[in-house]
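K.L.:
Residue-level listing of the chains:
Number of protein chains: 2
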Amino acid sequence: MKTAITPTREQNFPEWYQQVIKHADLAESSPVRGCMVIKPWGYALWQNLQRQLDIKIEATGHENIYLPLFIPLSHMEKEAKHVEGFAKECAVVTHHRLEEMPDGHLKPAGELDEPLVIRPTSEAIIGEMFSKWVQSYRDLPILMNQWANIVRWEMRTRLFLRTTEFLWQEGHTAHACAQEAQEESLKMLEVYRWLAEEILAIPVIKGEKTKSETFPGADNTYTIEAMMQDGKALQAGTSHFLGQNFAKTFEIKYLDKDNKAHFAWTTSWGVSTRLIGALIMTHSDDDGLIIPPRIAHTHIVILPTVHKGDAENILAYCEKLAATLRTLKYHDQPIKVKIDTSDETTGTKAWHWVKKGVPVRIEVGPREVENNAVFVGYRHKPYKERTAVDQETFIDALTLQLDEMQNSIFERAKTFQTKNTITVDSQEAFYDFFKKQTGFVVAYFVEDEKIEKQLKDDLKVTTRCMPFAYKEKTGRCIFTGREDGKLTVFAKAY
Amino acid sequence: MKTAITPTREQNFPEWYQQVIKHADLAESSPVRGCMVIKPWGYALWQNLQRQLDIKIEATGHENIYLPLFIPLSHMEKEAKHVEGFAKECAVVTHHRLEEMPDGHLKPAGELDEPLVIRPTSEAIIGEMFSKWVQSYRDLPILMNQWANIVRWEMRTRLFLRTTEFLWQEGHTAHACAQEAQEESLKMLEVYRWLAEEILAIPVIKGEKTKSETFPGADNTYTIEAMMQDGKALQAGTSHFLGQNFAKTFEIKYLDKDNKAHFAWTTSWGVSTRLIGALIMTHSDDDGLIIPPRIAHTHIVILPTVHKGDAENILAYCEKLAATLRTLKYHDQPIKVKIDTSDETTGTKAWHWVKKGVPVRIEVGPREVENNAVFVGYRHKPYKERTAVDQETFIDALTLQLDEMQNSIFERAKTFQTKNTITVDSQEAFYDFFKKQTGFVVAYFVEDEKIEKQLKDDLKVTTRCMPFAYKEKTGRCIFTGREDGKLTVFAKAY
Chain A
-3 MKTAITPTRE
7 QNFPEWYQQV
17 IKHADLAESS
27 PVRGCMVIKP
37 WGYALWQNLQ
47 RQLDIKIEAT
57 GHENIYLPLF
67 IPLSHMEKEA
77 KHVEGFAKEC
87 AVVTHHRLEE
97 MPDGHLKPAG
107 ELDEPLVIRP
117 TSEAIIGEMF
127 SKWVQSYRDL
137 PILMNQWANI
147 VRWEMRTRLF
157 LRTTEFLWQE
167 GHTAHACAQE
177 AQEESLKMLE
187 VYRWLAEEIL
197 AIPVIKGEKT
207 KSETFPGADN
217 TYTIEAMMQD
227 GKALQAGTSH
237 FLGQNFAKTF
247 EIKYLDKDNK
257 AHFAWTTSWG
267 VSTRLIGALI
277 MTHSDDDGLI
287 IPPRIAHTHI
297 VILPTVHKGD
307 AENILAYCEK
317 LAATLRTLKY
327 HDQPIKVKID
337 TSDETTGTKA
347 WHWVKKGVPV
357 RIEVGPREVE
367 NNAVFVGYRH
377 KPYKERTAVD
387 QETFIDALTL
397 QLDEMQNSIF
407 ERAKTFQTKN
417 TITVDSQEAF
427 YDFFKKQTGF
437 VVAYFVEDEK
447 IEKQLKDDLK
457 VTTRCMPFAY
467 KEKTGRCIFT
477 GREDGKLTVF
487 AKAY
Chain B
-3 MKTAITPTRE
7 QNFPEWYQQV
17 IKHADLAESS
27 PVRGCMVIKP
37 WGYALWQNLQ
47 RQLDIKIEAT
57 GHENIYLPLF
67 IPLSHMEKEA
77 KHVEGFAKEC
87 AVVTHHRLEE
97 MPDGHLKPAG
107 ELDEPLVIRP
117 TSEAIIGEMF
127 SKWVQSYRDL
137 PILMNQWANI
147 VRWEMRTRLF
157 LRTTEFLWQE
167 GHTAHACAQE
177 AQEESLKMLE
187 VYRWLAEEIL
197 AIPVIKGEKT
207 KSETFPGADN
217 TYTIEAMMQD
227 GKALQAGTSH
237 FLGQNFAKTF
247 EIKYLDKDNK
257 AHFAWTTSWG
267 VSTRLIGALI
277 MTHSDDDGLI
287 IPPRIAHTHI
297 VILPTVHKGD
307 AENILAYCEK
317 LAATLRTLKY
327 HDQPIKVKID
337 TSDETTGTKA
347 WHWVKKGVPV
357 RIEVGPREVE
367 NNAVFVGYRH
377 KPYKERTAVD
387 QETFIDALTL
397 QLDEMQNSIF
407 ERAKTFQTKN
417 TITVDSQEAF
427 YDFFKKQTGF
437 VVAYFVEDEK
447 IEKQLKDDLK
457 VTTRCMPFAY
467 KEKTGRCIFT
477 GREDGKLTVF
487 AKAY
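Chains as they are written, first to last, in the numbering used here: chain A, -3 to 490; chain B, -3 to 490.
Pulled out of the complex, with its shape left as it was, chain A reads as follows:
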């Protein structure tokens, strides 16, 4: 069978991924090494995600701020001294001027007394600010968030998944007690689950990272883990309980009611443009992108099939239909509709929008006008399954249909995840599985950095998380035989 995307997922998954992005026109590489240009169709996904997550972040009591792009080197040193595994692949600004040379070329000039690092994350700068803002227990909790660009020097980059510059949201909070900070980090993980599952239709497993996978400087890292269609895991969002580590590094102290000074307890949590990569690899098929309705910028595209002399009638019919649809709302947002009046054939236009993943396509020709009908195709169903529907019926059922579509896309991904997850009770079965295939393996495990390193070396497999759902269960560790193993998810990962 001919597919719109070549190669197919089965033939070459990484190349299929690049081709889906290209045909949907989501993003492209830029002249700057490792940086991408996010194009309108891709940026609309991010902006829609941002809008919906931002409402939740505000509703859970957080306020947005903006912190500087730069971090002085001395601040990084403070953090580096305290944080093992501190990331050092950073872009460093050393000059503040360009000078024109006699040959017309420019060269950096005006060397800075102290180099500035472009934020790889903002803990160092927020720590400094918190230490100023927090004096008394009355100042706590501080609940803040920022939307920003981040730079981490990457040697091998892939659009959305791993780029030198990316966009993200980073929450930073400080609390008077450990329990409250713990609850905060879990609350935000639940917000991320909501975003992934209910908006992006990506099923995730909520759990805790093993020590070796915990964020440097955190006491606990909580994660949502998704499965891509190649069976690999993708960490879709993390939330960190930082204990008093950062508070001690940056002297975030408050006077309590007892008039004694205590260190605060802090958290941080973030999701990034990586989620767009997860969205693509979870839902798209061999015909291109599939956008779940709740994250779609454009819900419906109308394709007029214009014949001979009836162009005017047909276009008027389309305009009227679009106007009616635009009065409807879907989850509090207006339904967005495009009419494609380009002079291609209807088939060419339809495939154009299939590849771009628009949830609903409506073809309108003389027959539809005559019968007051629409000829409808839903992106998550096979292309052939288009049907003629009475216009009124279609409009009445639309938001329900979109919800059904959203659920059906989610359920399909969930079924895929379930089918590609196995439980094993021996090291042998574990190695057998990963030597032959990908997917999630669940097994009892007593966490142990040496074993985790061995698995990485042997199989490129890492622990993804210890799912909250299995928290109470203990059993025999498949590697050591110890009886206090916890159920843990293992996988190859992005």
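Hints are computed from structural coordinates only; laboratory data are not their basis.
Note that identical chains are pooled: a pair holds if it fits in a single copy or bridges any two copies.
The calculated DMTMM-like cross-link candidates involving lysine to aspartate or glutamate, where the alpha carbons are at most 25 Å apart (straight line), are:
1. Lys325 with Glu59
2. Lys415 with Glu193
3. Lys52 with Asp328
4. Lys74 with Glu24
5. Lys325 with Glu388
6. Lys84 with Asp109
7. Lys84 with Glu107
8. Lys332 with Asp50
9. Lys74 with Glu107
10. Lys128 with Glu340
11. Lys74 with Glu96
12. Lys253 with Asp336
13. Lys415 with Asp226
Source: prediction; values computed, not measured.
Got chain A; can you put chain B on it based on the hints?
P.N.:
Showing chain B alone in chain A's frame:
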């Protein structure tokens, strides 16, 4: 009379500005030279501005994209070669790693083959992308916008007005013909006028810059100019018709219907966090910030005056009132209400919110509960003019009251601008005015870079614009006596 802000505007305007920002808790300096931390109360203003402007930018046919933070040095050279007056105060990245030295300090390592400049604006990178994306007349127009952070190395910085890093929006468009590009740049200037006048209540003068004040590389720069309360001008937004200059530099060419290659015509336009500075300096008084309702994040604050045993009743009354108010909308946005339950006196709380500029304050004590009333103060009126109003009457009239307040704030600024604008017909009167005071001077002028330089040297005065409103008028130039002078606005400026 005692004022909440010391010094007053009259005593020391620049220091008053800093104190308004401090008492409203809008932003503060960061440990990074020239960079600010935008705090929640300040960021909410920017986010609200962004939300409303973004809707207009989309409604006028533009799509959002995201371009890389970095520009390779060689691209800057391309631009520098063609653009006179090209800005060279840029942050330059020369290394991509931090290395730990034996003494624990970090130093930059991994020198880049080609230094990267942090975008001082994105013409260079968008030029490169446009040249790829534009092939045929069918690809035009391209109408794009991005929200981004920008870095220009500044020696003297002031919060919001001039910072090394700032946030902005930059539109970039390419067109097949000059007229369409001209119309585009004027259309976006009108969007900026709408934003300034109707949302921020800042009266502005629309006009064209003289050649010496035109953006390097542009054929024409259009501007909106506002007057601050110290009589100085602030350029609040600009829109550039770039002609074919950038198209030639970056080879943005298209094949027309005649199958011949032509250079495209481009525009760019932007507003930045500087507008928050303009907002502060236009409306605030000696008691602090005044926020026009249409840009307010919080419209109303309720201050319960809790006496002895009736705390419960009063709080319940406030909660119910807040719930009712939150069901209302103001220009399509929900009315936002805060209840201040801190244990300060009502007077202290009231002054706290006066300084933060919340449009409406409602005090609720036993008397209000008894009479089903509210005791209301509006921020733009003197503090003493608070009045008791029946609750129902207050609620019914609220959105009208807010609109009236918005208009009244705008009219007050407009009156100030008018009062501080004079027309002069001689060079002597011109010099007399600026030696003694500030404000806008309107005079006939035949533009001339030498004279403009002289005025800058003698008086620190620049041409602000040639207003569209006076386009048709010509008269005798006050400096040269030539008869083809155009009415031009002159002022000292930020």
